[in-house]
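Undergrad: So the sequence lines, in the order shown, correspond to chains E and V.
According to my numbering, the first sequence is numbered sequentially starting from 1.
According to my numbering, the second sequence is numbered sequentially starting from 1.
Hints are computed from structural coordinates only; laboratory data are not their basis.
There could be a bad hint or two in this list.
Derived pair list, reagent style DSSO-like, types lysine-lysine, alpha-carbon separation capped at 27 Å [to be verified]: (1) E/406 <-> E/429; (2) E/28 <-> V/68; (3) V/94 <-> V/84; (4) E/29 <-> V/68; (5) V/59 <-> E/29; (6) V/94 <-> V/152; (7) V/84 <-> E/29; (8) V/84 <-> V/152; (9) E/29 <-> V/131; (10) V/152 <-> E/28; (11) E/72 <-> V/85; (12) E/29 <-> V/38; (13) V/94 <-> E/29; (14) E/28 <-> V/38; (15) E/108 <-> E/406.
Nothing here was measured: the structure is a model prediction, and the numbers come from that model.
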Amino acid sequence: MLDRRDFLKLGGATAFAALFGGCESVSKKIIPFVIPPEDYSLGEALWYASACRQCPAGCGIVVRVSEGRARKIEGNPLHPVNRGKLCARGQAALQALYHPERLPRPLKREGERGSGKFTEISWEEALSTLLSRLKEVRAEAPASLLMLTGPMRGHENLVAARFLRAFGSPHRVAWDPFGQDALLSANEMVFGVRDIPEYDIGEARYLLSFSGDFLETWLSPVHYGRAFGRMRQDRETIRGKFVHFGPRLSLTAANADIFLPVPPGSEGVAALAVAHVMVKEKLTPRAAAAGALWDAGLKEMTPEAVSATTGVPVSAFADVAREFARNQPGLAIGGSAAAACTNGTFNHACVALLNGLAGNVGKPGGISFPNRATAFGRYGQDAPLLAPPPESGYPSVLGAVESMRKGAFRAAILAGPTNPAFTLPPSLKFEEALRAVPFVVSFAPFLDETSSLSDLVLPVPTFLEEWGDDVAPAGHAGEAVTLVQPVVNPFHDTRSFADVLIAAAKELGGPLAATLPWESYRDCLEKAYGGPGGTMEAALQNGGIFSPAGSPSRPAAAVAKLRLPKAEEAAFQGDPDKYPLLFHVFPSLAHYDGRGANLSWLQELPDPVSTAVWRGWIEMNPKTAKGLGIRDGEGVEVESPFGKIEAHVAYHPGIGEGVAAMPLGQGHGRYGKNARNRGGNPFSLLPGNRESASGAPAWQSARVTVRKAAVKGRLVRAGHPEGQWKMENIL
Amino acid sequence: MLQPRIQGLIALALFTLLLAVPSGAAAQTPQPIQYSHKIHVTDNTIDCQFCHSSARRSKYAGIPSVEKCMICHRVIAYDRPEVKKIAQYWSDGKPIPWNRVTELPDHSYFPHYRMVNAGVPCLECHPGMNKAGVAVQNREFTMGFCMDCHRKRAVSIDCWTCHY
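Chain E with its partners taken away, still in its complex shape:
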């Protein structure tokens, strides 16, 4: 018999089964568009060409769009910089587009500056606030307007620079924490050309890298990655050899045939030791220049002397020099770690000298200096604004922060992704200085450390929703002007920086309206590129204007006379007894300068070397760490003379015993839930030191101490695809 209890039991089980048994898999609703997008056809994808803005490399992209939504980003096969390839940061731009924390409307500050409390307002109110402030400043003291942006290129930079010039202020500052100042001034010193050379890695037979990070974040990593593939395995019977000098086994170093560890800042002397052997053994085609160099002091840089300071075996210098000289075309490349020491220009000049000595300047498989600014000759004096050199802008940042603190600015316009409140060294006290500016307006898609400090935040579209153009700083011979077009309709009520400036100029009238005579930024670009009925249409379809012939080259680099750069040692701040470890920082492969930290795809991307995800870490040699009683994965406190942060230790056998390395990019206090609480910000441990010749920030110039500490959370690492490091095999 079925009693009551059994009936209830069975009834319960049946209800459970009914609830969870028949999960509905097909969506029962069909929601068509209110107004369908242009060229829309259900289920049919359209590909739009545009440019990636996730880092300054300027790759071309194509975006797959269906039902009016961007679905996938790939490299543009026609684009000379990346030829159809794209890195993880570019792929992740989709998440920025759909990000739930994007600002949908303008914000007005509520309460204290920096409290992060804002209320949403309409664009009308926001623009009238902005305009009334600008009118006031312009009438009383136009030079007290500051414009602090990220590095800008193309017509956006033209609009911004012209706006400020006509406004009457000289204070235009473009901040790039990883600017190439040292490389630029080294090339000026050695070749008389202040420009970024083209490195023809693809055709080289021998590649010498001095802390090179060309496969990670340096200049144009996708371009160099592709070229590296060609150098190694795309040519019949030739496989280029790759030797890497540097303080840390990075992703680039891990790809080398030979990795020769040197202490931070001694890349330059290592290059000179190679040059010494080349000259001594008459392995250079530039005999006259070599003789002059020898007498100027190269004869002192013997492999024995350099070996004593760097720890590289004497025979290694001789072997490398002979191989490099005999396997031409050979190429020497310096990287960002070599540039960001206090002697960065010296390091890069020594590397440039090797290229000069090997006689590979202007040759395939060597370096060349193409003329990248010819496309914009019609702008006359303003032409360089469209393709400016990739400088850090640090000297003018320092000046601007000092003026801010003194109360010299009545208003500040902040824009761009470089987030100065996060990336500037703490000794500058940027936040405190910004508080002395009575009116701060930010143009930002997200609330980060910098935009949270503003009175007014104006939401800008992501690059997938706006018009624009771009000239990549490297990776092409001057034939690439990339066009940016909206691939989807804007998701939110946003306006681009250039559009707001053009509209503001119209309202302010006078010379401002005359210098920006366009209806909108789109109108500006259409006038510049021949309009939608003219040449612009084909250019938009291709993703830009890529003339295969290239542009006329500039006068040849001065290689007749090679000057020996003045020897200089890297300086490190901090008492060696109290802070025993040299602090090596490097841009994170996933987050670059920190801008990618709010995207979960990039957070969950395992670092190729440490395999860590979702958190910052500090790499230490196992011997050093064991000496301090720290086990792999344990929490530590990292202290420099400028601050202290928490981190987790990741054992890294490929790093010197006196060095500790940390990726930059994590450690946000704001910037959304994905970016917050991921460990400390290593920027906050760095000194405000400057590279001695170019004035760029010298990130690699601090000493730190590491102590065991109780740190919340743990470091999660993906399994290494080839098995975990086998310490006993390496040590």
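Please build the complex by placing chain V on the supplied structure of chain E, with the hints as guidance.
TA: For chain V alone, kept in the frame of chain E given last:
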């Protein structure tokens, strides 16, 4: 206490009953707007593809956007109660949340554009749609039905033609 086997049988019976109830009642799918195919297609001879415009280009026939409804209904029959509902969606800037009527079995693909471009009339698979009030599905898409037609037209009956 009952024997486990009988317990199981009773549970199975109750469960089957529960499953049987909803599928047994084949009610017409309710729609937010009482749209009549008959008025549009039969009375006013509007081509199917005027509204289902992606049928010849895409896997899906597509449902017209609110904008497309309003192209005509700004001036035609704008005072009818059902048309006023469309106008309301339009002025609110909201899409019409239609309920799906025609279902294709799982693991099979039906690219509309292949049939449309081969000249298969819409009514072959959607019989009576031209006479329907609110849309109904009058034909189950069984494999036999598809195969009959494919054989008759001497087109591929390879598995991978539909199951890919």
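Undergrad: Could you tell me which of the numbered hints above are not met by this structure, giving the numbers in increasing order?
TA: Hints 6, 8, 10 and 11 contradicted; others consistent.
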